[in-house]
Amino acid sequence: MNLIIANHYLKDAELWRLALGVGTVLDIHEKDKLKAFAEISIKLDELIYLKHTPVDWVLYAFEEKEIHWGKFLKIEPAVSKTDDTIFLADSLTGNFYCRPHVFSMLGGLYKLNTQDNRLFAESRASADITKMLYSIVRSGYDIKLL
Amino acid sequence: MKNIDRLAVILVGEFRTWVRASEYLFKFFDQRAHQVDYFFITWNVTSQTGELIPVTEEMIREPFDRRGTNLINFKILEPIGRHRTTFYNQAYLAKIGNLLKKKQEFQGSFIYDQVVETRPDCYFRTTSTSWKMCKDFEFEAEGIPRVWSNGLLGMTDVYIRTNSMTNDIIADRYYFRKNKFLASLIEKSSWKFNDHHWTISDFLMHRRLIFLDYAASKSDHPILCGDHRFFCCIRPNFPEDMDLDAEDYRTLDHLFVSYKKNEEFFYGPRGNSPLVDINTD
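Quick note, the sequences are listed as chains V and U, same order.
Under numbering that gives the first Met the number 0, the first residue of the first sequence is numbered 0, with each subsequent residue one higher.
Under numbering that gives the first Met the number 0, the first residue of the second sequence is numbered 0, with each subsequent residue one higher.
The shape of chain V in the complex, shown without the other chains (with noise of 0.2 angstroms):
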């Protein structure tokens, strides 16, 4: 399995790519969340289109204790290469897998406009979110649980 793990603030990434054994770290060096995300984007087209390096799954790594390696591992032979979903594991706000693509998506995030539209001011979750359960349902992909 071609596994890139998007490290966002894991204290070694190396040791846990070590441990489960498979997978290259993408050190994320963007400190916004949603910027994070764009910057992972920009490295995962340049690593699959320009590089053509295969990458099956990404691993978005921002808390320690939420790798869930075993439950993923259960899922993932039954998850299409072309599937739409964010694979939580634990909350909206820590870790997820996903097939590549779906950081095309997650990247533009930082640029949804706000404004005008009334569910921003009207949500109790934070900004960033409401910005992802927002586009995801918005624009056909899909959330759930590990």
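Honestly, the hints are just simulated from the structure, not real lab data.
Yeah, the Cβ is synthetic: ideal placement off N, Cα and C, and Gly gets one too.
Do not rely on the hints blindly, as some may be mistaken.
[Unchecked claim] With a cut-off of at most 27 angstroms between alpha-carbon atoms, the simulated DSS-like pairs for lysine-lysine come out as follows:
#: 1; chain 1: U; residue 1: Lys131; chain 2: V; residue 2: Lys143
#: 2; chain 1: U; residue 1: Lys102; chain 2: V; residue 2: Lys110
#: 3; chain 1: V; residue 1: Lys50; chain 2: U; residue 2: Lys102
#: 4; chain 1: V; residue 1: Lys42; chain 2: U; residue 2: Lys74
#: 5; chain 1: U; residue 1: Lys131; chain 2: V; residue 2: Lys110
#: 6; chain 1: U; residue 1: Lys131; chain 2: V; residue 2: Lys30
#: 7; chain 1: U; residue 1: Lys74; chain 2: V; residue 2: Lys110
#: 8; chain 1: V; residue 1: Lys34; chain 2: U; residue 2: Lys26
#: 9; chain 1: U; residue 1: Lys131; chain 2: V; residue 2: Lys42
#: 10; chain 1: V; residue 1: Lys143; chain 2: V; residue 2: Lys50
#: 11; chain 1: U; residue 1: Lys26; chain 2: U; residue 2: Lys134
#: 12; chain 1: U; residue 1: Lys1; chain 2: V; residue 2: Lys34
#: 13; chain 1: V; residue 1: Lys70; chain 2: V; residue 2: Lys80
[Claimed, not checked] Covered stretches of chain U (chain V as the covering partner; in silico rule of three or more C-beta atoms under 8 angstroms from a C-beta of chain V):
#: 14; region: 90–99
#: 15; region: 122–128
#: 16; region: 151–164
#: 17; region: 241–253
Since chain V is already given, all that's left is putting chain U on it; use the hints.
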């Protein structure tokens, strides 16, 4: 008519008649935006008459340099040779163009107001009305996805305008797969829909994107609204001394359609049927 501050134009496709088309494309977009940034992604060969001609950096740059237009970035790529089809060839180039656009925005800390993905060999006749801005998840295209004569949904795929965020979604279609079994069934009964026209339409529906409704704008003449009111691909049979803007659209349409007998030259070794199994690379 310039109601866009910063417009990105992503030209994707075979080089073909770019030198001829460029003067009209530059004029078409210059009327609409205060700043137009171009990205150009093409293959390293082009074929118009059956002969493969190498595409060079100079061939791409020359019209930009002559006109003083803003070529931000370009790529000349080896043919992918994987899904040898119109849909996947275009999708691949669109993805690279989108990548260059995203990097430009990310590194420059700005967002393009609108983005157009189109081809380097097309002619568009402008309208006299202002462009309506595409919001999130909206697109303006050359023709609405519509039910064609045999009941399936299709659309022309030569021009798609969106905002920047929606371009990120639309440009990500290389991974999109048609079910080979289903496509084969449709192909038997409906040959016209075995190609890119219904695959792109299907993708836009899959992503739940909405066609920009010019008819709902305030204009009394919605038919004259839209980004353009006529388009054709410029083929090698278009007379060199002909001013396309001065010609009746029927003359151009006749030239375009009458060249179709030579179209196999354009496809070269490619087919036009995007039949790929769901789980294959």
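These are the hints, each one checked on the structure:
Straight-line distance between C-alpha atoms of Lys131(U) and Lys143(V) comes to about 37 angstroms, which puts the hinted pair past the 27 angstroms bound. Between Lys102(U) and Lys110(V), the direct Cα distance comes to roughly 14 angstroms. Compliance with the 27 angstroms bound is thereby established for this hinted pair. At roughly 16 angstroms between alpha-carbon atoms, Lys50(V) and Lys102(U) fall within 27 angstroms of each other, so this suggested pair holds. With a CA separation close to 17 angstroms, the supplied pair Lys42(V) and Lys74(U) stays within the 27 angstroms bound.
Annotation: proposed proximity of Lys131(U) to Lys110(V) holds, straight-line Cα distance about 19 angstroms (limit 27 angstroms). At roughly 35 angstroms between alpha-carbon atoms, Lys131(U) and Lys30(V) are farther apart than 27 angstroms, so this suggested pair is violated. Using a Cα cut-off of 27 angstroms, the hinted pair Lys74(U) and Lys110(V) holds, with the two alpha carbons roughly 25 angstroms apart. Distance restraint check for Lys34(V) and Lys26(U): the Cα-Cα separation of roughly 35 angstroms exceeds the 27 angstroms cut-off, and the hinted pair is therefore not satisfied.
Simply put, Lys131(U) and Lys42(V) have alpha-carbon atoms about 33 angstroms apart, too far for the 27 angstroms limit, and the pair is violated. Using a Cα cut-off of 27 angstroms, the hinted pair Lys143(V) and Lys50(V) is violated, with the two alpha carbons roughly 31 angstroms apart. Restraint check for Lys26(U) and Lys134(U): satisfied, since their Cα atoms lie roughly 24 angstroms apart, inside the 27 angstroms limit. Note on Lys1(U) and Lys34(V): the hinted pairing is violated, with a Cα-Cα distance of about 30 angstroms set against a maximum of 27 angstroms.
Of the pairs offered as hints, the one joining Lys70(V) and Lys80(V) holds, with about 18 angstroms between alpha carbons and a cut-off of 27 angstroms not exceeded. Counting residues of the region 90–99 of chain U whose CB falls under 8 angstroms from any CB of chain V gives 5; the rule of at least 3 is met. Counting residues of the region 122–128 of chain U whose CB lies closer than 8 angstroms to any CB of chain V gives 0, so the stated coverage by that chain is violated, three being the minimum. Coverage of the region 151–164 of chain U by chain V holds in this model, with 3 residues showing a Cβ closer than 8 angstroms to a Cβ of that chain against a need of three.
A count of 0 residues in the region 241–253 of chain U with a Cβ less than 8 angstroms from any Cβ of chain V is obtained; the coverage claim is therefore unmet, three being the minimum.
Checked against the numbered hints above, the structure breaks hints 1, 6, 8, 9, 10, 12, 15 and 17 and satisfies the rest.
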